[in-house]
Structures are given as structure tokens and as C-alpha cells.
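J.: Residues per chain are reported as follows:
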Amino acid sequence: MNLYDLVNDKIKQIQSKTENETVSGVSTASYLASELVVIVSILITSILLRKINPILMIMGILVIFAIILTNMPIMPKLRRAQNDSLNNMMFYALITLALLVSMFYWGVKYV
Amino acid sequence: MISVQLASLLTSGMLIIIGLFAALFLDNIFKKIIGISFITEGVNLFIVTLGYKSDGVVPIFLPGMVKDVFVQNSAYPLPAAMVLTSIVIGASTLAVMLALVIILYQKHGTLSASKLLMDDEEMEAGE
Amino acid sequence: MDSFIPLLVIVPIFCAILLNLCHGKDKLVKLLALIFGITLPITPIFVNYGNHFFGGYSPLFLNSSWATNLPSTITNSILFNFHPAITYVFGGMQQIFIFILGILTFFVIFTSLNESKRASGVYTFLIFMGTAAVTAVFLTDDIFHLYIFFEISVMTQVGIILCSNIQRKHETALKYMFLSNIAAPMLLLGIGLLLGLTGNVNISDIIIAIKTGVVTPDNPVLLMAAALILFGWLYGSGLPPFHSIKSAMYSKATPHAAAILQVFTVFIFVSLGIVIIRIFAFISLLRWIIMIISALAMILGISMAITQHDFKRMIGYLAVGELGYVGLGLAIGTIQSITACLFQAVNEILLTGLLFIGVGTILYKTGTTDTNKLGGMLTENPFVAFIFLLTGFAMAGVPPFNAFQSKLLLIQSALNAGFPELGVLMIILSIVTFMTFVKVFYTVYLKPQPENMKIINKKIPQVTVISMVLLLIVCIMLGLFPNIVTNAFSQFAMGLL
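Protein chains in written order, with numbering that gives the first Met the number 0: chain Y, 0 to 110; chain P, 0 to 126; chain Z, 0 to 496.
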């Protein structure tokens, strides 16, 4: 089975299509593109860590790269996490509130 | 001995925390809405408490009052004015939410937030 | 003091109330809505720049004759500089934004009245009320006044969603209200903390209080206020973690309603973002948090957009992603980057509005926005397809359109400020935006028409096409002559910093 078929099967699973339904080439290309975009963008954004410490940046990028490699494909997980069910959104909202308050309260003296 | 202002601030904090817990963890939509109401009223209580002055007078200058004594002892009127508007906004958002709940109950016959307010794609798949 | 500045808010409110009273009388509503819609872009042209102090209560330093009988404890303290009344500030930057808001509101009303059989007084009421609310949010220098109109804009947005006939609109509206009633009280709590610390709700006075040492910058209560107000801003702007509900809102509204909803979102983003930068500029952590959240918005928005099947949802996510560009400009915090961020915000308003009106033409013709069920629309309307393609190019940052200028300015400012990785990120995501458009254009216009696709309305109203052309002309003008707006924005940015 080549790589294209592997990707195709994964997208079928995400879209819950049956064996007889086809996934279009456009869908496959979109999922591949979004996967690459997410990986590349996260790695580039993590270069910002150089402003704190260059060694932290190197360690951070290696750790992030390892996490990405072990969790590929990321897009299905991201799509599941980005759903608009109320419980999901409220959970992320409150986590963000807690993170913001903690960062402002304790992080200000370090930056 | 806790002062009136501190007790009020603690109460508003408790209201906000209870409201957040209800909004996040309870499944019944009405309980979530009550929780949200708690959050709003907790914040309103917090703001009103900011205007408190111990041994203060109501900030309305009546005939016969001495100006300097009034200025020294009156409570701060701005928070009360702010909260009036905030209460009205809270009431209108509450009314809109309750109207939406009525419509959703008529449509689906349940008040469970996890069933009513799930993801669009999950809902389509369920239908 | 300029007396005509409040007209920018009063005129739309008056129009809204009158239209609501006329609900049911279709012809009257259509006529009044069009007349009132024309007044919206015209009013800011005739209002002079300046400040308006409600009740005439200007600060003592502007009216020293009032201070002659006051004791020195007032005249020699910072109370001399305090603003006792609600203040509206109207300058070049505000004029440009309110003018663009007026133009887009007019086009949205124009096209929606022509495409729908019956005119709804309630729907036009909500649009005008929302316009008034975001105008007030933009003009005010009073943070509590801003909160009130912020809440009014949220309610009007919910009402606009409920006016559509799309399935599951009630569920989305209720989810939005739940999240609003968690984020907005947090914003109010932050305002309350600022009130407790400084005794003031006027933004300029809060800044004076912080700068003169009335409040020390490392006060934990001040930092908590910053966190809470930032949280409220994330909700109002549709930045993560609220990006999914924002894109859901856009997908559940009619395309014209979505066009106006995204304008409201951008206005709240810019106005509250500027307030946060003004008050809390001394917190360097703030800049980093805004930078990370904006980058996340760009990454999530644009990567989610490309995987969507629903056309409206796709553009909704793109709108969220484009807002990330604006946030990055704000976070970088130089004069060039803030000028670029304001320019990008204007361009986003125009382009996303144009895209949603374009989606409206597809929905009008076929009754669906599911790209799996669409195809071959190029033969139906080649001219509209061409306009849509140009809009896609514009949004991706292709010259000579406006977004090219603003994105170039943003990238240059990122490089000049020492953030080349942000410049690279912006370029990559612009390429992906372009890819998204190529996908959309192929699936809607070029792909063979599916057998089960029905054409409901043969002809798209001329009015819609004219609106799209005029908006595109504005985009090209701003692309060729960006100084029309960037001069005013850079002056504002210099005053801000």
C-alpha cells in the first residue's frame, strides 16, 4: 500500500465514510496541506523561544518535533478538539482563563 | 472580626466560583443558566462593594448637610451607577437565553446540555 | 469640544428604532433602510475631529476658568487632568474605520433587501443597532461605556443569527450566549479591579494614574485586571479558544449577516486591543501572550479552513486566521507594525465582507454552501466567478490589491523589530490562504457540475454584482494608494506609543 492510499484511508476514517464511498483528491490534498502547515508553523513559531534562551529554543524545538512525530497525523486530533460542542469550548475557555491569570500573576517578574 | 467590605468581597468571590462550577460541570441547561446568573451577580456585588465606605453616608447631598462633611463621608457613587446598567444587561441576556432554551426544549424535548449543544457534525451524524 | 461626534452613534440607533417600529410594512422598511444606510458612510465625513465630553464636563485643564475657586488639593493634583464625563474621541483613524463600516453596512443592507422577498424591520434594526454599538465601542474613552456597548453588540449578533433560516441556529446562538456570559463578566470584573485601584473608568485617567505612580505597575490586582480584560478581548475578537464558536456563528448566519458580523468582530478586536495596549503597555509579558495567541489563531484558522466542506465555515475560519495577522501587528508594538495592523484590519473588513457577499451569490443560486454538492458554476456566472477569483487573490496578498500592501508592511515591521520567524510564518500562511482559494474556486466553479445540483434562482441580482464590483474597486484603490489610510494610522500609532 503506498503513502497516498494510507492517507486516503485515514481521511475516510475521519470523515466516517464507508468502503464504497470515495474521498476526493481535493480532500486528500487539503488534509496533507493542513497537516504540513500545522507542523511547519508550530516549529517556526517555537523559534521565538530564542528570545528567552537559545539552548531552550533548541531543546524546545527537538521536544516539539518529537511530540509531533509520535502523534502524527495531527489533523484528525486537531479537528476533533476544534469541535463546537459547548462542553469542549467551555473547557478550553476556562483553561485559557486559568493560564492567563497564572501567567500574569507569576510570570511578569521573569519576562 | 471580618469587616463588612471584606465579607462582601468574599461572598462575591464565592458566587463567581460557584457559578463557574455550575456553568462548567452541570448538565441541565437551567442549572447552567443559574450558574451564569451567579457569575454576573457576583461581579455586580464585587463592583458595588468597591464603593463602600465604613461609617459612610449615601452619596445624595440633601439640604442642611455641610459640604465638607458630606465630601469626607459619602460613599463612592460611581460603582452603584455602573451596576444598575450591568444588572439591566444581565436581565436582558438572561431573558434571551431562557427564550432560546424554551425553543430548544420544544424542538428536542430535553434539557441536557450535552445532548442539545453538542458539535454540529455529531448532531448531523445522530440525525 | 465637538458636538456632532455622538451623532455617529445616535443616528444608527434612531434609524434602528424607526425600522423596528415599521416592521411589517415591506416597502417602507426597504425605503427607510436604504436612506438610512446611505447616511452611515456620509456622517463620519462631515463630523470634525476632536473630543466630545458628555454633559459638557471637560477636564479642568481644558477649562481653567472652572478651577479658579477650587482648592489647591485639586488643582495641584492629578485630579486636574481627570475626565469627569464620558468622552468620545474622533480622529483620522476612527473616521476611516467608521466610514468603512458605513460602506459595508450599506452594501449588506442593499444586497440583502434585494435578494430577500420580504424586508424585515427587525433584521435591519439589529444591523443598525450593532453598527451603533461597535461605533460607540470604537469612539469611547470610557472602559465601562465600552463594556456596555460590547454587550449590546453581542446581543445584536445573537439576534442576527436568529434571523436566518439555517438549521441549528438556536443551538449556536445559545452556545454563543453561554460563552459570552462567562467572558463578559470576567471583562467587567477586570474593569471593576481597575476602578478599585484607580477610582476611575476613563482610560486616559487610568493611564495617568499608572504613570504618575498612584498605582504601582507590579501591583498584583492590576496584573489580574490585565488578565481578565485580555480574556474578555479574546472572546470579543474570536481568537483562540473562542475561534470555533465565531466560525460557527458565521456559518449559521446568512452570508450578508456573516459579512456584517465579521465587521463587528474586527471593530471589537481593534478597539479593545488598542485599549489593552494603551493601559498595559508596561507589561512586556502581554506582548508575548498576544503574539502567541495571534500566531495560534493564524495557524488554527487557516489550517482548519482548508479542510472544511462548508463554504461559509471555510471563510469563517479564514476570517479568524486573518485576524491573527492584525494581532501580530499589535503585539510587535512598533509604529510601523501598528500602522500595518490597522491597515490589515481595514482590508480584512473589506475582503471578508466581499467574500461573504460572494458566498451569498452561490447560496442564492443553488441553496447550498456545501462544496461537495457544488460545481460548474463558472458557466452560470463567469463575471461573478472572476470577481470572486480576484477577491481570493486579494486576500492571499497578491498585488495590486490592498492586502498585499498591509501584509508586506506587517512582514517588514516584523523583520525590522527582530522577529523574522513571524515574517516567515505570515508568508507561509498567505501561501496556504491562496491554496484555500484555489481549492474553493476549483470545487465551486471549475469542477464538473454534480447531477443533483439544482439552480434555484437563475439570475443574481444586479445590485449584488454592483456591490461586489464597488468593494473590489475600493480594495484596488487602497492597494494602489495605501497612503490614503496609512498616513492617518501612522499618526495614530505615533500618538499611541
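Hints may contain errors.
Stated by the list, open to error - What follows is a list of derived Cβ distance ranges for each label pair:
(1) Z:Asp217 x P:Leu23: 45 to 53 Å
(2) Z:Gly90 x Y:Ser101: 46 to 54 Å
(3) Z:Phe53 x P:Leu9: 31 to 39 Å
(4) Z:Asn371 x P:Leu25: 34 to 42 Å
Stated by the list, open to error - Result set (DSSO-like, lysine-lysine): computed pairs, CA atoms no more than 30 Å apart in a straight line:
(5) P:Lys114 x Z:Lys210
(6) P:Lys30 x Z:Lys372
(7) Y:Lys11 x Z:Lys168
(8) Z:Lys26 x Y:Lys9
(9) P:Lys52 x Y:Lys11
By construction, these hints were calculated from the structure, which means they are not laboratory data.
Note that CB positions come from ideal geometry on N, CA and C, so glycine has one too.
J.: Take the hints in turn and mark each one as holding or not.
T.: Taking the hints in turn, this is what the structure says about them:
no.: 1; hint: Z:Asp217 x P:Leu23: 45 to 53 Å; result: violated (31 Å)
no.: 2; hint: Z:Gly90 x Y:Ser101: 46 to 54 Å; result: violated (37 Å)
no.: 3; hint: Z:Phe53 x P:Leu9: 31 to 39 Å; result: holds (36 Å)
no.: 4; hint: Z:Asn371 x P:Leu25: 34 to 42 Å; result: holds (38 Å)
no.: 5; hint: P:Lys114 x Z:Lys210; result: violated (51 Å)
no.: 6; hint: P:Lys30 x Z:Lys372; result: violated (41 Å)
no.: 7; hint: Y:Lys11 x Z:Lys168; result: holds (28 Å)
no.: 8; hint: Z:Lys26 x Y:Lys9; result: violated (54 Å)
no.: 9; hint: P:Lys52 x Y:Lys11; result: violated (66 Å)
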